[in-house]
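Q: Protein sequences, first through last, are from chains A and B.
Using my numbering, count along the first sequence one by one with no gaps and you end on 321.
Using my numbering, count along the second sequence one by one with no gaps and you end on 299.
Be aware that one or more of the hints could be misleading.
Below, computed lysine to any residue pairings styled on SDA-like, alpha-carbon distance capped at 20 angstroms [what the hints assert, rightly or not]:
id, chain 1, residue 1, chain 2, residue 2
1, B, K33, A, D132
2, B, K33, A, T136
3, B, K33, B, D291
4, A, K161, B, L258
5, A, K161, B, L261
6, B, K33, A, Y133
7, B, K33, A, P180
8, A, K161, B, P265
9, A, K161, B, T262
10, A, K126, A, R232
11, B, K33, A, R232
12, A, K161, B, T259
Hints were generated in silico from the structure; no laboratory data involved.
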Amino acid sequence: MMATYIINRLFLAVPLVLGITLITFGFINMAPGNPVLAMINPEEELSAANLERLKEELGLNRPVHVRYAIWLGQLVRGNFGYSYHTGEPVLRRIAVRLPATLELMGFALVVSSILGISLGVLAALKQYTIWDYILTLFALFSISIPSFFLALLALYVFALKLGWFPTFGMRSVAFDALPPLLDNLHHLVLPGVILSLDLTAGLTRYMRSGMLEVLGQEYVITARAKGLQEVRVIVGHALRNALLPVITIVTLRLPILFGGTVIIETMFQWPGMGRMAIQAIAQRDYPVLMGLTFIAAVLVLASNLLADILYAVADPRIRHE
Amino acid sequence: MSATVRPRLQPEQIGLSTNRNGNTAAARFRRHKVAVASLGIIAILGIIAIFAPIVALQDPYTVDLDNIRQPPSIAHILGTDSAGRDMWARMVYGARISMSVGFVANVISISIGVLIGTVSGYAGGWVDNILMRFTELVMNFPTFFAILMLVALLGPNIINVMVVIGVLGWEGLARLLRAQTLSLREQAFVEAARCIGTPHPQIILRHILPNLQPYILVAATLGVAGTILTESALSFLGLGVQIPQASWGSMLNSAQSLTVLTNSPWLWLPPGVAISVAVLAMNFVGDGLRDAFDPRMEV
Chain A
1 MMATYIINRL FLAVPLVLGI TLITFGFINM APGNPVLAMI NPEEELSAAN LERLKEELGL
61 NRPVHVRYAI WLGQLVRGNF GYSYHTGEPV LRRIAVRLPA TLELMGFALV VSSILGISLG
121 VLAALKQYTI WDYILTLFAL FSISIPSFFL ALLALYVFAL KLGWFPTFGM RSVAFDALPP
181 LLDNLHHLVL PGVILSLDLT AGLTRYMRSG MLEVLGQEYV ITARAKGLQE VRVIVGHALR
241 NALLPVITIV TLRLPILFGG TVIIETMFQW PGMGRMAIQA IAQRDYPVLM GLTFIAAVLV
301 LASNLLADIL YAVADPRIRH E
Chain B
1 MSATVRPRLQ PEQIGLSTNR NGNTAAARFR RHKVAVASLG IIAILGIIAI FAPIVALQDP
61 YTVDLDNIRQ PPSIAHILGT DSAGRDMWAR MVYGARISMS VGFVANVISI SIGVLIGTVS
121 GYAGGWVDNI LMRFTELVMN FPTFFAILML VALLGPNIIN VMVVIGVLGW EGLARLLRAQ
181 TLSLREQAFV EAARCIGTPH PQIILRHILP NLQPYILVAA TLGVAGTILT ESALSFLGLG
241 VQIPQASWGS MLNSAQSLTV LTNSPWLWLP PGVAISVAVL AMNFVGDGLR DAFDPRMEV
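Start from the sequences, fold in the hints, and give me the full structure.
A: This is the structure we're talking about:
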């Protein structure tokens, strides 16, 4: 049953992946320079005649759908082209930057899940009290204040004036620095927390309404009626059910979180994919930019798939539909 | 000769006019004090933007290299920027650009969202299938990456920024309107219109769309908040409105240097506050509208 469901979902993802490649290829075709030409290793010495022959082989003079097929074929083999700027393979350059972005996003996800869920539950349990209003306001402020302005404020106050946190980078170069892991975490706090705010706000609002809805359900009333402790009613009966849709909310907002890394990484000089995208734009390094967008889209798609599967594991009703 | 029976929502419930019992959407909205105050703030910002040449007092483009990064004074109430231009004048003209980019971009996405949502929901079948798969595809794409890439390819200028933000921000509304249209389509008054041979486009325009008005209104208000934010982020990164023109976001661009950040707070605090206030006000109004129409509306 489960296996059929997973295979089904995977099958549905195929047209989406193809769509992503189509859009990416469309973008590439708008870019100056030739996308297929960018797939030739620049380190190979080429005579003019050889270049012509290679162009012919790569189908540069062929119609657009043939070029798409050739490009797709290269993509499947892991050839994302070569950077205009450094001549390195795009995939290798991205692979170097990926861990930093995943670390930042992972931290933000953990922070906002913990904060968002607990604050949302708090707001629901204290509905219409001052806590509820404060949390609602907090959520509205978090989605309204631009992350770069918050980052500037945080840098100004916590890094420059108070000196509690470093202003940039992933780790210190000084010899008297903290142990590597702590040092890394120290650098992670400001950008990670600011990146997490938007998702935290979304989750808080969502958990609040989710909890309020669940708390009115008959099974919660039954649990109370049979004399269960309030804590067990809330954690065991209400929270468990309100938590389920959180999986969906988190994954739906993943693309936004990804977009947020562009700004946060640029401002904190965090060596990840987002900052790389801005650098690639400045250097007009289109193959890198396309590669980044493609990888980002595939990562988002993959996590959506994972969410669907997790959801089916957690909620049997889904896979029996 | 079209049937105009609209069972569920009367025009006054949509908030366009009041009726006697005072429990219309408009009345409920008026009771939402913060939302009303926010509407006032937006109106003030709008007036400032429209009358920018009068409110600005000075020219926002005059470079004065003898007076760069001056702190606020009587001559320049908000100080001067890195080229000696008057910050207040740039803030005022920035309101014009930030708000009009936000507005136009939003009109574009609302139009696309309404078109795709209603057609998809009304037509059903393979049209619906194709349109929704396409919507899913756009939804899955990390929007900000796509916006960055398109703006970089087309060249960063105000028109491209408006169009790109608009073209990539309609998925949520389309899905919402599709779901609503699906249920409206089955209602008796739509069926009646079909029976007397009303053409499909006219049914969508005269019978479906009016019932979607609350959703569109709420989505549009919250949408402007979103587009203003996106524009400011692009301009902050240097990929939006270009010098000498100013938007609030591009004015913050200079604060990427730590010297400006530390020594000249007047260069980045006012535009940052302006964006936050404008977006917050839009979100409050959107929230107020939603509560007035139907608190459980999932916009």
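Q: So which of those numbered hints doesn't the model satisfy?
A: 7, 11
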